[in-house]
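J.: Below, each chain spelled out in residue letters.
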Amino acid sequence: MSSNRDAGEGNPQLIDADLKARRSRTARRRRLTIYGLRLVFAVLWLGSWEVMTRLNWVDPFFVGQPSGIAQRLWTWITDGTALGPLWLQAAITMEEAVLGFVIGSVLGIVFGILLGRIELLAEVLSPFIRAANAIPRVVLGSLFAIMFGVVSVWGKAWTAVVLVFFVVFFNAFQGVREVDRNLVANARILGADNRRLTTEIIVPSALSWILASLHISFGLAIVGAVVGELFGATGGLGQLIYNAGHTFDVNGVFAGMFLLAVLALIAEGVISAIEKRLIKWRPSRVSGEIPI
Amino acid sequence: MASPAIELRGVTKRFATPKGGIYTALRDLTMEVAPAEFCAVVGPTGCGKSTTLALISGLEQASAGEVRVEGSPVKGIADGIGYVFQSDAVFPWKTTLENVAAGPRYHGVAGAEARVRARDWIARVGLSGFEDRYPHQLSGGMRKRVGLAQSLINGPRILLMDEPFSALDVQTRTLMENELLALWSSTSASVVFVTHDLEEAIALADRVVLLTAGPGTVKGTFEVDLPRPRNVAEIRFQPRFAQIYEAIWNQLRDEVLVSYERQKHAAAI
Numbered sequence: 001m002s003s004n005r006d007a008g009e010g011n012p013q014l015i016d017a018d019l020k021a022r023r024s025r026t027a028r029r030r031r032l033t034i035y036g037l038r039l040v041f042a043v044l045w046l047g048s049w050e051v052m053t054r055l056n057w058v059d060p061f062f063v064g065q066p067s068g069i070a071q072r073l074w075t076w077i078t079d080g081t082a083l084g085p086l087w088l089q090a091a092i093t094m095e096e097a098v099l100g101f102v103i104g105s106v107l108g109i110v111f112g113i114l115l116g117r118i119e120l121l122a123e124v125l126s127p128f129i130r131a132a133n134a135i136p137r138v139v140l141g142s143l144f145a146i147m148f149g150v151v152s153v154w155g156k157a158w159t160a161v162v163l164v165f166f167v168v169f170f171n172a173f174q175g176v177r178e179v180d181r182n183l184v185a186n187a188r189i190l191g192a193d194n195r196r197l198t199t200e201i202i203v204p205s206a207l208s209w210i211l212a213s214l215h216i217s218f219g220l221a222i223v224g225a226v227v228g229e230l231f232g233a234t235g236g237l238g239q240l241i242y243n244a245g246h247t248f249d250v251n252g253v254f255a256g257m258f259l260l261a262v263l264a265l266i267a268e269g270v271i272s273a274i275e276k277r278l279i280k281w282r283p284s285r286v287s288g289e290i291p292i
Numbered sequence: 293m294a295s296p297a298i299e300l301r302g303v304t305k306r307f308a309t310p311k312g313g314i315y316t317a318l319r320d321l322t323m324e325v326a327p328a329e330f331c332a333v334v335g336p337t338g339c340g341k342s343t344t345l346a347l348i349s350g351l352e353q354a355s356a357g358e359v360r361v362e363g364s365p366v367k368g369i370a371d372g373i374g375y376v377f378q379s380d381a382v383f384p385w386k387t388t389l390e391n392v393a394a395g396p397r398y399h400g401v402a403g404a405e406a407r408v409r410a411r412d413w414i415a416r417v418g419l420s421g422f423e424d425r426y427p428h429q430l431s432g433g434m435r436k437r438v439g440l441a442q443s444l445i446n447g448p449r450i451l452l453m454d455e456p457f458s459a460l461d462v463q464t465r466t467l468m469e470n471e472l473l474a475l476w477s478s479t480s481a482s483v484v485f486v487t488h489d490l491e492e493a494i495a496l497a498d499r500v501v502l503l504t505a506g507p508g509t510v511k512g513t514f515e516v517d518l519p520r521p522r523n524v525a526e527i528r529f530q531p532r533f534a535q536i537y538e539a540i541w542n543q544l545r546d547e548v549l550v551s552y553e554r555q556k557h558a559a560a561i
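Top to bottom, those sequences are chains W and C.
Position one of the first sequence corresponds to residue 1 (the working numbering), numbered consecutively onward.
Position one of the second sequence corresponds to residue 293 (the working numbering), numbered consecutively onward.
In case anyone wonders, no lab produced these hints; they're calculated from the structure.
Careful, some of the hints might be misleading.
Here are the simulated PhoX-like cross-link-like pairs (lysine-lysine), alpha carbons at most 25 Å apart as the crow flies [to be verified]:
(1) W:Lys276 to C:Lys311
(2) C:Lys386 to W:Lys280
(3) C:Lys311 to C:Lys367
(4) C:Lys556 to C:Lys311
(5) W:Lys280 to W:Lys20
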């Protein structure tokens with residue numbers, strides 16, 4: 001008998017606890033390594049940027065400078081921007097993006113499920129949808145700016161809607177089409193009518209697809225909001241970036257981008273949390289796998 | 293004699309293939325199942341066994357011929373039919389309790405009442421304590437139990453089973469077969485049990501219907517006059533079991549060879 005086996009004989013719980021502790025130690029060590037490497041990456045990236053611009057290998061006038069960006073952010077936070085307080089600009093852009101995201105997602109989900117369920121509708125509308133998807137829809141932003149005026153948030157929100165809608169729509173549609181036929185047959189045999197079939201089988205089944213598209217589409221909603229602001233606005237981070245560009249303030253452009261990235265990351269976290277709640281029935285990740 | 297629970301008369305089923313051809317799954321099939329009879333359907337791969345069930349359930353319509361359930365022609369999915377699928381067909385986003393309660397709820401039973409009945413059936417299939425688990429947290433055998441309870445809770449007069457235990461390991465399978473017989477004996481349902489496993493068919497059924505290699509039609513019918521209640525694990529050792537097995541196998545062998553040759557041929561093209 002091996003010595004390993006002898007050590008634990010009569011007390012399997014102890015071995016269990018020991019194994020668990022060892023595993024959580026390994027996981028913690030791994031997490032620390034990853035955070036450490038991320039820090040190293042950021043320092044190398046920003047450091048080389050800073051050094052190259054300090055030594056004038058590249059002109060900071062064109063590419064900006066990390067210290068300059070930080071400084072610009074600090075002035076924005078303490079003294080406010082040319083357009084008003086910084087938090088207000090962030091709030092404006094977020095309002096536009098969230099409105100566009102919610103309206104676009106709801107429309108996309110509703111139409112995706114409708115067309116996925118009604119074959120005739122899908123066949124009739126498919127060339128129009130494909131055509132609409134192929135054209136560069138952001139140019140509609142100029143139309144919306146005329147329609148709603150430069151002050152209103154709705155011009156930007158609708159620009160975000162046209163971007164978000166198609167991604168969510170195609171995913172919802174595909175999700176409905178991919179529903180396991182066995183599950184549908186089972187539900188029908190058990191007595192489900194069409195309404196029950198949609199709410200209890202089709203929608204939950206398509207949910208994984210829909211939620212996956214929501215991750216991408218919040219980024220698109222921000223793009224829509226920022227592009228919408230470029231077509232005319234009185235505030236918002238997009239307008240702030242636009243102004244900075246016009247005054248050759250490269251650090252200002254980067255500072256604005258940095259703020260947008262932070263907002264996008266926060267939103268991503270919120271969506272992930274919602275996703276976790278909505279599909280708790282899905283098998284959790286195998287312990288060996290590490291989430292990215 | 294009482295009128296048959298299930299009647300198929302001269303039934304043919306054709307499918308249009310994606311390449312524009314026509315595939316005949318069943319040709320001129322005629323068979324009957326008596327009320328409360330346990331009928332097994334065996335045949336080589338691709339002989340249209342599952343199609344037979346789809347026709348009886350109303351999931352598919354016959355291209356020619358007549359399908360009658362309890363005397364009336366099948367037009368769409370009727371009440372009183374249970375269907376246990378080959379692959380897992382329990383809903384992955386519902387817990388055991390919600391899965392089993394689905395049938396009554398679809399029939400308009402109030403939520404609380406449906407849950408009470410579901411708990412009763414969960415206990416009967418031996419899953420008490422697992423009410424709040426999701427299917428992915430259960431083993432294959434347990435998921436099959438959920439599927440069984442889900443079908444039986446509706447009190448089906450006709451129970452259709454499509455190779456329900458083929459994905460289980462041998463021990464679990466024998467266990468489930470015994471439990472199925474116990475559950476069935478407490479109901480008066482007519483069962484059509486499709487399988488490619490002759491041993492399973494004989495151990496469970498009152499009668500075995502043998503189909504030819506596709507397009508399927510009935511090659512022979514064999515009475516299984518083994519006494520009930522049966523223990524599936526031990527019945528195989530009875531001499532009578534071996535006799536019946538041999539009689540059916542002599543005919544099944546040819547069909548299996550035909551089917552195998554065809555598959556080889558199809559693969560060679």
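J.: Would you mind marking each hint as holding or not holding in the structure?
T.: Quick rundown of the hints versus the structure:
1. W:Lys276 to C:Lys311: Not satisfied, since the Cα-Cα distance of roughly 42 Å exceeds 25 Å.
2. C:Lys386 to W:Lys280: holds (10 Å)
3. C:Lys311 to C:Lys367: Roughly 28 Å between the alpha carbons, so the hint for Lys311 of chain C and Lys367 of chain C is violated.
4. C:Lys556 to C:Lys311: holds (20 Å)
5. W:Lys280 to W:Lys20: holds (24 Å)
Checked against the numbered hints listed earlier, the structure breaks hints 1, 3; every other hint is satisfied.
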